[in-house]
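Novice: Read off the chains here:
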Amino acid sequence: MTEPLLSVRNLKVSYAVGGGSVDAVDGASFDVPRGSILGLVGESGCGKTTVARAITRVIADNARITGGEMIFEGTDIAAIPERQMNALRWRDIAFIPQSAMNSLDPVYTVESQLHEVLRRRGGMDRRAAQARAEELFEMVGIEKSRLRDYPHQFSGGMRQRVAIALALALNPKLVIADEPVTALDVIVQRQILDQLRELQAMLGISVILVTHDISVVAYVCDRTVVMYAGRIAEEGPMEAVLTRPMHPYTMGLRNAFPDLKGAASGTLTPIEGAPPNLASPPPGCRFAPRCPFALEVCTRAQPPLRELASGHRVACHRADEAPVLRELAVRTETWLVPA
Amino acid sequence: MPELAIARSGLPTRLFRSLRLPLNDRFAVFGLLIYLVFVVTALFADQIAPYDPTEILYTEDYDLAADMRPGQEGFILGTTSLGRDVFSQLVYGTRSALLIGVTAAFMVALIGSLVGLVSGYFGGWTDAVLMRLADIAFGIPFLPFVIVLAAFLEPSIWNVVLAMALVLWRDTARVIRSQVLTLRSRGYVDAARVAGSSDAKIILRHIAPNILPLSFLYGSIAIGWAILTEASISFLGFGDPESISWGYMLQDAFASQALAKQAYYWFVPPGLCIILVVSAGFFITRGYENILFPKLGR
Amino acid sequence: MAHLKAALSRTLQLALVLWAVVTILFLMFRLMPGNPMAAYIDPTFTAEQQEALMAQFGLDKPLWEQYVIYLGNLLQGELGQSFRYREPVAERILALLPNTLILTFTSLIIAYAFGILAGAYLAWRRGSAVEKVAIPIVLTTRAMPEFWLGMVLLAIFSFWLGWFPAGGTRSAGSDYGGFWGLYTSPDFLAYLALPALTLAIYSQGLPLLLMRSNMLDVMKEDFVTMARIKGLSTWTVVVRHAARNALLPVMTSFAIAVGYQLQGNVVVETVFSWPGLGRELVRAVSASDYPLAQGAFLLIAVVVILMNLIADLLYSLLDPRVSHA
Chain A
1 MTEPLLSVRN LKVSYAVGGG SVDAVDGASF DVPRGSILGL VGESGCGKTT
51 VARAITRVIA DNARITGGEM IFEGTDIAAI PERQMNALRW RDIAFIPQSA
101 MNSLDPVYTV ESQLHEVLRR RGGMDRRAAQ ARAEELFEMV GIEKSRLRDY
151 PHQFSGGMRQ RVAIALALAL NPKLVIADEP VTALDVIVQR QILDQLRELQ
201 AMLGISVILV THDISVVAYV CDRTVVMYAG RIAEEGPMEA VLTRPMHPYT
251 MGLRNAFPDL KGAASGTLTP IEGAPPNLAS PPPGCRFAPR CPFALEVCTR
301 AQPPLRELAS GHRVACHRAD EAPVLRELAV RTETWLVPA
Chain B
1 MPELAIARSG LPTRLFRSLR LPLNDRFAVF GLLIYLVFVV TALFADQIAP
51 YDPTEILYTE DYDLAADMRP GQEGFILGTT SLGRDVFSQL VYGTRSALLI
101 GVTAAFMVAL IGSLVGLVSG YFGGWTDAVL MRLADIAFGI PFLPFVIVLA
151 AFLEPSIWNV VLAMALVLWR DTARVIRSQV LTLRSRGYVD AARVAGSSDA
201 KIILRHIAPN ILPLSFLYGS IAIGWAILTE ASISFLGFGD PESISWGYML
251 QDAFASQALA KQAYYWFVPP GLCIILVVSA GFFITRGYEN ILFPKLGR
Chain C
1 MAHLKAALSR TLQLALVLWA VVTILFLMFR LMPGNPMAAY IDPTFTAEQQ
51 EALMAQFGLD KPLWEQYVIY LGNLLQGELG QSFRYREPVA ERILALLPNT
101 LILTFTSLII AYAFGILAGA YLAWRRGSAV EKVAIPIVLT TRAMPEFWLG
151 MVLLAIFSFW LGWFPAGGTR SAGSDYGGFW GLYTSPDFLA YLALPALTLA
201 IYSQGLPLLL MRSNMLDVMK EDFVTMARIK GLSTWTVVVR HAARNALLPV
251 MTSFAIAVGY QLQGNVVVET VFSWPGLGRE LVRAVSASDY PLAQGAFLLI
301 AVVVILMNLI ADLLYSLLDP RVSHA
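Protein chains in written order, with the working numbering: chain A, 1 to 339; chain B, 1 to 298; chain C, 1 to 325.
Hints in this document: simulated from the structure, not taken from any laboratory.
Bear in mind that the values here come from a model prediction, so they are computed numbers and not experimental data.
In this text, a Cβ means the ideal position worked out from N, Cα and C, and glycines have one as well.
A portion of the hints provided could be inaccurate.
What the hints assert, rightly or not - Derived DSS-like pairs: lysine-lysine, alpha-carbon spacing no greater than 30 Å straight-line:
| id | chain 1 | residue 1 | chain 2 | residue 2 |
| --- | --- | --- | --- | --- |
| 1 | A | 144 | A | 173 |
| 2 | A | 12 | A | 173 |
| 3 | C | 220 | A | 173 |
| 4 | A | 12 | C | 220 |
To be verified - A short, non-exhaustive set of chain C residues, derived as facing chain B with CB atoms under 10 Å:
| id | residue |
| --- | --- |
| 5 | 18 |
| 6 | 26 |
| 7 | 29 |
| 8 | 73 |
| 9 | 76 |
| 10 | 134 |
| 11 | 135 |
| 12 | 141 |
| 13 | 143 |
| 14 | 148 |
| 15 | 160 |
| 16 | 271 |
| 17 | 285 |
| 18 | 288 |
| 19 | 296 |
| 20 | 303 |
For reference, chain A alone in the conformation it holds in the complex (with noise of 0.2 Å):
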């Protein structure tokens, strides 16, 4: 097996709040192939955003990298100084975010944001960035006549093909997709990530996509990690977590949300309760307190990291009774009534 492009290791992000902090990602370990994409899922404020744009190095103002390693191309860009960082940023790293319409510069044209990250950052001439610009148009899909039109000028999902563009200015190695499809209706959800997974497989690219809808993992992710309150739930191949799930977390996940190729999964069900306060979390395993499956162990001890299949791993005291649970897990009323 080829070493993965980036690795993760033990990550640590905390906020400071009030007089104190609070740590929002608390030691997430995981690995991102070459050439596939790699999904991040999990509830909001469970971290995932924050280990995305970690990996940029780009956070809050009140927030620090408190510990860990994050191994890029055999550098730990963790440690190195700012100025070093500042150059692999769009070149070799590159962001697609949430929301275009709030990322794009309102007051310039995009052709004008293209040529700045082509010229500043990619030291081409002005002619050489036209060109490019107009390549990147092609790729993913928009008229190069559009090129002169402001951001407001165009529909949300243009916009985020505009952003996906940009992204892939410089031919960077690594995308990181901040719920890129979230802000956008069902039709077009699946345009952007068909062309998303297009994109990444022409170019060869890995591509780290953020999301909170599981759906979305299933459509386009080659493996997933799944986050729960700051820390790593489940981790594995897309197909194994999503079908063979064996965090419970992962199996609730799966019940929430509705298939985005259309097809019904039969009742959604929700998770009772909400993620815990990260000011204060509980002292076993995170989900313990809204865990069907729960025992006296779990609310003490926190529960190890465990690889139980080839790339498979789960971070659960009852993993080994996995194919039981998710025959419990499957039927609603064992979700109503929290253990």
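Use these hints to put chains B and C onto chain A, whose structure you have.
Specialist: Then chains B and C, alone, in the frame of chain A:
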């Protein structure tokens, strides 16, 4: 903006509380303290000032006590070219400054709030007419307007108040109006109307308490404006020659060659007093804004 | 063209405002205490002059007829005869306008250049010690009476240090040969320096505070974060994206500030004996030269209203969200 608790305490207490004085903001407290000092000075001017501000003074040798330096012959801030005591003038100047400031601010806040309230609450053609009037008020150059007005009327400190009442309600009215519009769109006004409350009752009970702090905010800005305007008018010679104000002192100093005489003790203190009172208004305003618009991020 | 329509309706609206101001001015000067004819006729004018003015302004006719004549005269730029100068008011005030505009624009350009840079800097350094000291100082400059600041600067730089002349626009007997010769001569600039500095110090607070609060808002926008993720230089992030977006409302405030400044000029021009519109207004009112006072007031009002219109149009021109709708 959090809704006001309808506490069943006495009306004065409720009124005071509904002003929501920004007592937890250091700048605002500083501003309120400055106001307090000036109010006390104005009230006890007779006791504080050593001389009548218009009295022409003489030295012990029966010479005119003109252009005395500070400390000379016991004059704290020296004397003017006519032999009047600068410090006493300064002390009495607080009276006209506060009188004009407070009345003008009250008029501006009152008219502006009423116009904004009526305009925003009733809408329709009432709103259209009032807002066009505001547009016209915005088209009138304020200081020239005061000068022309002052020239036609008898010289009086009230000219400034009148001119401000006629023109400067415009800013307050626009802000209050938009605030009333958002308040009116909230559910409880409709609920009150369905429940059979009259317009007057809805305005008094639900809308007025919520715009009072905004009125007060614009009032505290207007105090500064009024004092600055009075100073300018007096400086230009259109003020009331009978009353001693800081603007009058500056005009007197300027006309008496105080600049060439390097008599800083004469023209610097009135300016500093104006700055203090006006910036006190700004500081209070800032404190208010932090309460009223916490999202401004300050 | 939706924005063209909006611009037209705004122009029309401000034309109505101008008409209202003109009417108010008419009523003020006709209904003032004393002889209503005093608005145009000085007792020392010759009998023929008096009669000519009576006829020209219809002063023996009823008020409404006078009003119609007044409007008609205004449209032709006819503002009457100045009592003091014995020359047409229109000529007099148009001759003074350049002095006022030069003072206004010089000071505002300095104020805006400084205010925009300092405001952007303070926003970028928010929470720092510099900011904690600077903001109260800026608020204090806003609280100063402009003419007092002028007096202090005059006392220090002119009377004490002797660096600058104390008032006027030119040294006695100097001749510059033409418009540009005058306004670029070192002599003129020495006269301009103190009044312009006074107004600039007073005016910089508005653009500074506006720029700063806009910057603080814009810095929270996603596109600024994205610019950082793109690895762009701090300069590019702060200036090309944050400042450029924050600048928009500040630029439109420039036109409005010109209007405000013209009003403030009244006192500063007096302090520095600067022969401009504001000082002329004060002198005309003091000397009961009503036609001149009326004309000066009107011209100031026209510029104020015109600047409000320019501010609106400028905004729709500078913001692509409006101009490319």
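Novice: Compare the structure with each hint and give your call.
Specialist: Each hint, compared with the structure:
{"no.": "1", "hint": "A:144 - A:173", "in the structure": "holds, 25 Å"}
{"no.": "2", "hint": "A:12 - A:173", "in the structure": "holds, 24 Å"}
{"no.": "3", "hint": "C:220 - A:173", "in the structure": "holds, 28 Å"}
{"no.": "4", "hint": "A:12 - C:220", "in the structure": "holds, 24 Å"}
{"no.": "5", "hint": "18", "in the structure": "holds, 7 Å"}
{"no.": "6", "hint": "26", "in the structure": "violated, 12 Å"}
{"no.": "7", "hint": "29", "in the structure": "holds, 8 Å"}
{"no.": "8", "hint": "73", "in the structure": "violated, 19 Å"}
{"no.": "9", "hint": "76", "in the structure": "violated, 22 Å"}
{"no.": "10", "hint": "134", "in the structure": "violated, 14 Å"}
{"no.": "11", "hint": "135", "in the structure": "holds, 9 Å"}
{"no.": "12", "hint": "141", "in the structure": "holds, 9 Å"}
{"no.": "13", "hint": "143", "in the structure": "holds, 4 Å"}
{"no.": "14", "hint": "148", "in the structure": "holds, 4 Å"}
{"no.": "15", "hint": "160", "in the structure": "holds, 6 Å"}
{"no.": "16", "hint": "271", "in the structure": "holds, 7 Å"}
{"no.": "17", "hint": "285", "in the structure": "holds, 4 Å"}
{"no.": "18", "hint": "288", "in the structure": "holds, 8 Å"}
{"no.": "19", "hint": "296", "in the structure": "holds, 7 Å"}
{"no.": "20", "hint": "303", "in the structure": "holds, 8 Å"}
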